[in-house]
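Visitor: Spelled out, the chains give:
Protein chains: 4
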Amino acid sequence: MDQLSALVLCTTLTPSPARSSSHLLGQQVLDALKEHDVTGEIVRIVDHDVKPGVDFDMGNGDEWPALRRKMLDADILVIATPIWVGHPSSLTQRVIERLDAELSAEDDQGRLLTYGKVAGVAVVGNEDGAHHVSAEVFQALDDVGFSLPAGAVTYWVGEAMQGTDYQDLPETPETTAGTTTTLAANLAHLARVLKANPYPPS
Amino acid sequence: MDQLSALVLCTTLTPSPARSSSHLLGQQVLDALKEHDVTGEIVRIVDHDVKPGVDFDMGNGDEWPALRRKMLDADILVIATPIWVGHPSSLTQRVIERLDAELSAEDDQGRLLTYGKVAGVAVVGNEDGAHHVSAEVFQALDDVGFSLPAGAVTYWVGEAMQGTDYQDLPETPETTAGTTTTLAANLAHLARVLKANPYPPS
Amino acid sequence: MDQLSALVLCTTLTPSPARSSSHLLGQQVLDALKEHDVTGEIVRIVDHDVKPGVDFDMGNGDEWPALRRKMLDADILVIATPIWVGHPSSLTQRVIERLDAELSAEDDQGRLLTYGKVAGVAVVGNEDGAHHVSAEVFQALDDVGFSLPAGAVTYWVGEAMQGTDYQDLPETPETTAGTTTTLAANLAHLARVLKANPYPPS
Amino acid sequence: MDQLSALVLCTTLTPSPARSSSHLLGQQVLDALKEHDVTGEIVRIVDHDVKPGVDFDMGNGDEWPALRRKMLDADILVIATPIWVGHPSSLTQRVIERLDAELSAEDDQGRLLTYGKVAGVAVVGNEDGAHHVSAEVFQALDDVGFSLPAGAVTYWVGEAMQGTDYQDLPETPETTAGTTTTLAANLAHLARVLKANPYPPS
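Residue numbers (numbering that gives the first Met the number 0), protein chains in the order written: chain V, 0 to 201; chain D, 0 to 201; chain X, 0 to 201; chain P, 0 to 201.
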């Protein structure tokens, strides 16, 4: 099997080196991808100066262009996001806004540069919101050219209005662990078949 | 204090007399409203033949007109809905579609007939989805003329991917019970002040 | 190229034989799929007695089991839905609820029966709501096992608060027509590569 | 009538002094509020260093505490947001995350400091997304203690996939102008009756 590569963008509000539940789940996805010959890295957006805007480069020290290069080099993009007030984090939406620029970049066959890449989502919160967060991110990433495998999300949330963090659970729940395993298998499979069989010219 | 009235529309997929978690939570809201001199009733949409469509009366035995009369007679409308695949139930959306017709009915001051009525939401699922469901229902009910008090939702969901129903919990969680109490207090307060102080003519 | 098959489920609230904008857009997707050797059919849910519930067969004349067989026979599923009050129609959510049962059906390799099938969405409304509707449907269909190609939606809506229907436009807007063409090409491509390269056993 | 005050938080991605469509619509809401003896101001979040996080003060020059003071001094909060990829802007979500802290602040009667304040939304985009954006913002603001009048949103979007900005239209469409007028009337009315009739102690 060909080696594939993945980029996990973690959109926690917490800068490194502090612990982060969404970072942990994102790392678990990355670990599970290794089983399928996918190497990669995880980056916290909050550690970088990603400027507001919808262009490729907003100037003034904007660090998105360097992250974009990593995204373009990867076969698989995973957004690992916390849930805040039931929504993806503001940094998830920041990434989505920057990816909006991809709608204006095409290869010499008229295809978006994201075509053929696959995407997945990892969502974590104290309680409630994972399905909606994945809906928002699925739609945004599909709109800008990513393909989504079956079961393109792994997640954990606790019971309504409880306060324990994913990273403070005594162990990873089997349900989430199993879902992460499936997500990684499906991401790797779809990325591999799309790499071997690119979308037709537009 | 003036007596107020409430209508709880329960949009479970399960016909009476079978038990239903959303019916239970809707009934708990109704019970909590009684503490504030609000009387009312709970109706399961699935027990009635509410036709698809966006008119006041779709004919052919459509039972919405009778339910609509109850809604127009009430000061407070509560939608008590289950979560399916992260969304409000199809019967919640059925009710929303029928309420869409209210945009074409005005009183002699040019106000929608729903103006001055207040709305709340009760959401229940095995796991995940309550915030999104309330977002969908808030927007729809506000669009068709209802006002929303602070904290206009009560809910319960379990931990990610678990399967116990709200109605099978050994007891009502204190968090949900407290939220139901607040919802009822705020619904009754806002309904009372809006009844005494109607929106201005349009 | 192998012949593929598609099923378009149209979730308009309007029974046949009356005209329907979402039926028109769904038919246009089907026509565009023919260019890629995909045959298929379009079915209006409102013409059938699809019972509320989340089981494979709700009994009492439930027509979902016959529609489900069509879905299982198809390589591609397209949901063609109107927008009501900013949401997918109640019949879209009815279909989603019935598809929820697929989470309990597996082949002899432990994969959902939907695995390997691809899905797309066609959305139409007088004004506003297409992106959100696609988000809701993407998440639901991905959750129950479908894969989504890049650009998995075509849509039309008019300017804010305007009232003309898609089916009454003097001609199909070029933007929507082009998006429909891309949707069909991507659906056919992804369905073909996944049919030749099934997801691994679970 | 008592004088009331309003704060419009504009969450455009474009810093001052450049023109902004969401700023224009937010200003129009402010102008319409003046007719009801409501004074106020509009602030662009992007002009300020509002740090990521969910505390009252994230330190390091965080400018949210000063904005929060304005919010606490106002009777009415309006979020004026652009639509990006179908969602509220990243700066809208940033504001929502900062407002999440309000859940931990109470007056001496056990009520959130936001109780009694009312909220509205102004949404603008090239095309599609206003209803969903208002759903997201309604739910978030209601969750943190704001009340919502009937018709709590004004908006403009163009036809599907078109590119003209609201600020470049030859004139404000009558539909949007009328909706802005209604929003202002309802915000002012609800703020006034809630100021005279506060929610009961918790």
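Calculated from the structure, these hints are not laboratory results. Certain hints may be false.
Simulated pairs of lysine-lysine, DSS-like, Cα-Cα distance not exceeding 25 Å [to be verified]: (1) D/K50 x X/K194; (2) X/K194 x V/K194; (3) D/K194 x D/K33.
Partial list, computed: chain V residues near chain X (C-beta under 10 Å) [as the list claims (entries may be wrong)]: (4) K116; (5) H130; (6) S133; (7) A134; (8) A176; (9) T181.
Quick look at which bits of chain P chain V covers, simulated, 3 or more residues with Cβ under 8 Å [as the list claims (entries may be wrong)]: (10) 15 to 28; (11) 65 to 74; (12) 80 to 89; (13) 93 to 99.
As the structure is a prediction and not an experimental result, all values here were calculated from the model. Every residue gets a Cβ at the ideal spot worked out from N, C-alpha and C, and that includes glycine.
Visitor: Each hint: holds or not?
Guide: Status of each hint after checking the structure:
1. D/K50 x X/K194: Violated, at roughly 40 Å.
2. X/K194 x V/K194: The given pair, whose Cα atoms are some 15 Å apart, holds under the 25 Å limit.
3. D/K194 x D/K33: Answer holds: D/K194 to D/K33 is near 18 Å, not above 25 Å.
4. K116: 9 Å, holds
5. H130: This hint holds: V/H130 lies near chain X, its Cβ roughly 6 Å from the closest one there, short of 10 Å.
6. S133: 6 Å, holds
7. A134: Since chain X brings a Cβ to about 4 Å from V/A134, closer than 10 Å, the hint holds.
8. A176: 14 Å, violated
9. T181: Holds, because the Cβ-Cβ distance from V/T181 to chain X comes to roughly 7 Å (cut-off 10 Å).
10. 15 to 28: violated (count 0)
11. 65 to 74: violated (count 0)
12. 80 to 89: holds (count 7)
13. 93 to 99: holds (count 5)
The earlier numbered hints that this structure contradicts are 1, 8, 10, 11.
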